[in-house]
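Asks: Residues per chain, in single letters:
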Amino acid sequence: MAHEHSGDAEGTPLARNHQVDAFVAALLTMIGLVVVFEARRLGAGWTSDGPGPGYFPFYIGLILCVGGVGILYQALLSRSANTGVFIDRAQFKRVMSVLLPAVVFVAAILLLGQYVASAIYIAVFMVWLGKYPPWKSAVVGVAVNAVFFAMFEVWFKVPLFKGLLEPLAFLGY
Amino acid sequence: MDEISALFHGFAVVLTPMNIALMFVGITLGVLIGVLPGLGGANGVAILLPLTFTMSPTSAIVMLSCIYWGALFGGAITSVLFNIPGEPWSVATTFDGYPLAQKGKAGEALTAAFTSSFIGAFVAVVMITFLAPLVAKFALKFGAPEFFAVYLLTFCSFVGMGKGSPFKVLVSMALGFALATVGMDTVTGQLRMTFGMPELMRGFDFLIAVIGLFGIGEILLSMEEGLRFSGKSARINAKVVWETWKQLPRYWMTSVRSSIVGMWMGITPGGATPASFMSYGLAKKMSKNGDKFGTGEVEGVVAPETAAHAAGTSALLPMLALGIPGSPTAAVLLGGLLIWGLQPGPLLFTEQKDFVWGLIASMYLGNLAGLIVVLMTVPLFASVLRIPFSIIAPVIIVICAIGAFTVHHAMLDIWFMLLFGVIGYAFKKLDYPLAPLVLALVLGDKAEDSFRQSMLMSQGEIGIMWANPLVGTITSLALLMLFWPLISKLIALVRTPKAKPAFAEEQPVD
Numbered sequence: 040m041a042h043e044h045s046g047d048a049e050g051t052p053l054a055r056n057h058q059v060d061a062f063v064a065a066l067l068t069m070i071g072l073v074v075v076f077e078a079r080r081l082g083a084g085w086t087s088d089g090p091g092p093g094y095f096p097f098y099i100g101l102i103l104c105v106g107g108v109g110i111l112y113q114a115l116l117s118r119s120a121n122t123g124v125f126i127d128r129a130q131f132k133r134v135m136s137v138l139l140p141a142v143v144f145v146a147a148i149l150l151l152g153q154y155v156a157s158a159i160y161i162a163v164f165m166v167w168l169g170k171y172p173p174w175k176s177a178v179v180g181v182a183v184n185a186v187f188f189a190m191f192e193v194w195f196k197v198p199l200f201k202g203l204l205e206p207l208a209f210l211g212y
Numbered sequence: 000m001d002e003i004s005a006l007f008h009g010f011a012v013v014l015t016p017m018n019i020a021l022m023f024v025g026i027t028l029g030v031l032i033g034v035l036p037g038l039g040g041a042n043g044v045a046i047l048l049p050l051t052f053t054m055s056p057t058s059a060i061v062m063l064s065c066i067y068w069g070a071l072f073g074g075a076i077t078s079v080l081f082n083i084p085g086e087p088w089s090v091a092t093t094f095d096g097y098p099l100a101q102k103g104k105a106g107e108a109l110t111a112a113f114t115s116s117f118i119g120a121f122v123a124v125v126m127i128t129f130l131a132p133l134v135a136k137f138a139l140k141f142g143a144p145e146f147f148a149v150y151l152l153t154f155c156s157f158v159g160m161g162k163g164s165p166f167k168v169l170v171s172m173a174l175g176f177a178l179a180t181v182g183m184d185t186v187t188g189q190l191r192m193t194f195g196m197p198e199l200m201r202g203f204d205f206l207i208a209v210i211g212l213f214g215i216g217e218i219l220l221s222m223e224e225g226l227r228f229s230g231k232s233a234r235i236n237a238k239v240v241w242e243t244w245k246q247l248p249r250y251w252m253t254s255v256r257s258s259i260v261g262m263w264m265g266i267t268p269g270g271a272t273p274a275s276f277m278s279y280g281l282a283k284k285m286s287k288n289g290d291k292f293g294t295g296e297v298e299g300v301v302a303p304e305t306a307a308h309a310a311g312t313s314a315l316l317p318m319l320a321l322g323i324p325g326s327p328t329a330a331v332l333l334g335g336l337l338i339w340g341l342q343p344g345p346l347l348f349t350e351q352k353d354f355v356w357g358l359i360a361s362m363y364l365g366n367l368a369g370l371i372v373v374l375m376t377v378p379l380f381a382s383v384l385r386i387p388f389s390i391i392a393p394v395i396i397v398i399c400a401i402g403a404f405t406v407h408h409a410m411l412d413i414w415f416m417l418l419f420g421v422i423g424y425a426f427k428k429l430d431y432p433l434a435p436l437v438l439a440l441v442l443g444d445k446a447e448d449s450f451r452q453s454m455l456m457s458q459g460e461i462g463i464m465w466a467n468p469l470v471g472t473i474t475s476l477a478l479l480m481l482f483w484p485l486i487s488k489l490i491a492l493v494r495t496p497k498a499k500p501a502f503a504e505e506q507p508v509d
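So the protein sequences, as listed, match chains A and B. The first sequence begins at 40 in our numbering and counts up one residue at a time. The second sequence begins at 0 in our numbering and counts up one residue at a time.
Keep in mind that the hints were calculated from the coordinates and are not lab data. As the structure is a computational prediction, the values presented were derived from the model and not from experiment. Please note: incorrect hints may appear among the correct ones.
Label-pair restraints from in silico Cβ distances [to be verified]:
1) A:Ala185 to B:Leu337: 29 to 35 angstroms
2) A:Ala189 to B:Phe52: 17 to 23 angstroms
3) A:Arg79 to B:Met285: 30 to 36 angstroms
4) A:Leu66 to B:Trp251: 31 to 37 angstroms
5) A:Trp167 to B:Leu337: 39 to 45 angstroms
6) B:Ile3 to A:Leu203: 37 to 43 angstroms
Straight-line alpha carbon distances no greater than 27 angstroms define the calculated DSSO-like cross-link-like pairs of lysine-lysine that follow [unchecked claim]:
7) B:Lys428 to A:Lys132
8) B:Lys284 to B:Lys445
9) B:Lys140 to B:Lys352
10) B:Lys162 to B:Lys428
11) B:Lys162 to B:Lys352
12) A:Lys132 to B:Lys445
Cβ atoms here follow ideal geometry from the backbone N, Cα and C, with glycine treated the same way.
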């Protein structure tokens, strides 16, 4: 999305609605084009045994393109375009403070498995954004995951991802 | 009355101790989901779906549908006490619910909300009991073109009845269909849209999309607003409940009107949210106290809650009878049916009698159980909302990750969930509707199959969509819906004396 970093005061608008709207619409139009070309490659026409595999996706891609161009027009050229603030600096910071740790969290799941990664994630999140004392955060993180463990592994017998390092292998589940 | 005896048979199926226990577990979980930000009916049911894989289908659907009822009830708690709608369909409830709470009448507002929710749902279930078998019987005659016409009507209704830019509805829907085509082609077995990546062979599961779009997206939105909960406390005791119930019959007209609006919007995929707004607007216009709306009128709580529940419940009718869900949550329940090996649609009523009537019976019982549970436990759930956001947010993201993983036991799905979260955040901010995307993702394969079969039958002639009166009517109705935004603009142009009627010719036709 259009996140030009202009100005440094908190609350400075980073992007306006019609800009982001146009950007997303352009992206969707591009996806539509990809779908259309892929459908053409697969065979969007009539084969010996009926409609080809690309027959239906072709029209879907076409609708995406038409709709995308329509939104693009409304966002850029129409007088009724919404020029309100899409996101300001403070908001962007807050959103990123959730999104980026979440990305790290998912990467950590890959190594440590869901229980351990979740416990660390919850504890770190609480210390970092909630300003809780570390021991309190650790207790909450472990307790929440102990409940999940009991619920999924023991009660409903749905195994969760244990990670490449399998730090919980000693539990025998 | 075949339906009555079938219904009693259904009660017999459902009334086992295990199922009743699951019902209360489901309601409690559902209210919790409804109260928490970021978890709602659709993604809550999606996350808990894998837990039911080991249960019998009947027990599973009893629990899942009770989660749904619970979520519908739960949305009202946050609206009244915290002025934060827990669910989109309870936005209209805040208009009069929160002012009532500010006046110290929170108990009254909540009792009115829960009771009218119950009434709305009850009326809708009665309607389902008698109408669903008829619709199913009628739909047995459907062939591929008829089904495609109904799919078309479903999606065109989104365009015709939605607010905002019709292009956005269209694009949201097309994106859903495009994502649904990723993976193996159901007819030829060819890989489509995978671009050489074997991980994409499974395609995008809509459950992952639901968890990401509604769960992660919602958390990002709440975070952006820098949410601070500050709520009113509520005490509900028997006296408050009784006093409120005594004055509710006065609003019977509002209840009837709202139920009808709700049921209509639920069956056609308008959904619970527009139903609640429409019903609030109608009540405001028609009530004697209309000008006092917004300052804490009980009637202003009754109207949206009745409609939202009536719509939420009615959305299950097309799901059961036609296999076409009327809302994202109904779509998730439909996904559940498919996983348990049940094919929703007209045949369900003849082949899986126990299941269907068990489900319908559980709707009656679940709503009753829900009413009892919420009336007794409001303070408990209100205290959940006092947990700071910095604890709730990571826990919900963790729950979403668990839910996304358990669907297919695939790590990649958790990444997709995050991606859908970002999409959900951007789409919500830009007023793209999410329901068409989810429904298109669910129905993509089926819609495509029925389209291809129709084309095969007619050797590529589009005329098959008007081959007989039935399919012709549905198709024409669908096209009317599709072009409704344009048509209503033309009508407005003709009616306004200032606008030149000749100008109407120049409107763009897409």
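Asks: Now tell me, hint by hint, if it's right for this structure.
Replies: Now for the hints, and whether the structure bears them out:
Distance hint check for A:Ala185 and B:Leu337: the Cβ-Cβ separation is about 33 angstroms, which falls inside the suggested range of 29 to 35 angstroms. Remark: the range hint 17 to 23 angstroms for A:Ala189 to B:Phe52 is upheld by a beta-carbon distance near 18 angstroms. Hint check: A:Arg79 to B:Met285, Cβ distance near 55 angstroms, so the stated range 30 to 36 angstroms is violated. At roughly 51 angstroms, the beta carbons of A:Leu66 and B:Trp251 sit outside the given window of 31 to 37 angstroms.
Distance hint check: the CB atoms of A:Trp167 and B:Leu337 are about 41 angstroms apart, consistent with the given range 39 to 45 angstroms. The beta-carbon spacing between B:Ile3 and A:Leu203, approximately 58 angstroms, falls outside the hinted interval of 37 to 43 angstroms. Between B:Lys428 and A:Lys132, the direct Cα distance comes to roughly 16 angstroms. Compliance with the 27 angstroms bound is thereby established for this hinted pair. A C-alpha spacing of about 42 angstroms is found between B:Lys284 and B:Lys445, which places the hinted pair above 27 angstroms, so the restraint is violated.
Taking the CA atoms of B:Lys140 and B:Lys352, the gap is about 19 angstroms. The hint holds against a cut of 27 angstroms. Distance check on the hinted pair: B:Lys162 and B:Lys428 sit about 14 angstroms apart at the alpha-carbon level, within 27 angstroms; holds. In summary, the hint linking B:Lys162 to B:Lys352 is not supported, as the alpha carbons are separated by about 39 angstroms, beyond the 27 angstroms threshold. Distance check on the hinted pair: A:Lys132 and B:Lys445 sit about 42 angstroms apart at the alpha-carbon level, beyond 27 angstroms; violated.
Checked against the numbered hints given earlier, this structure breaks hints 3, 4, 6, 8, 11 and 12; the rest are met.
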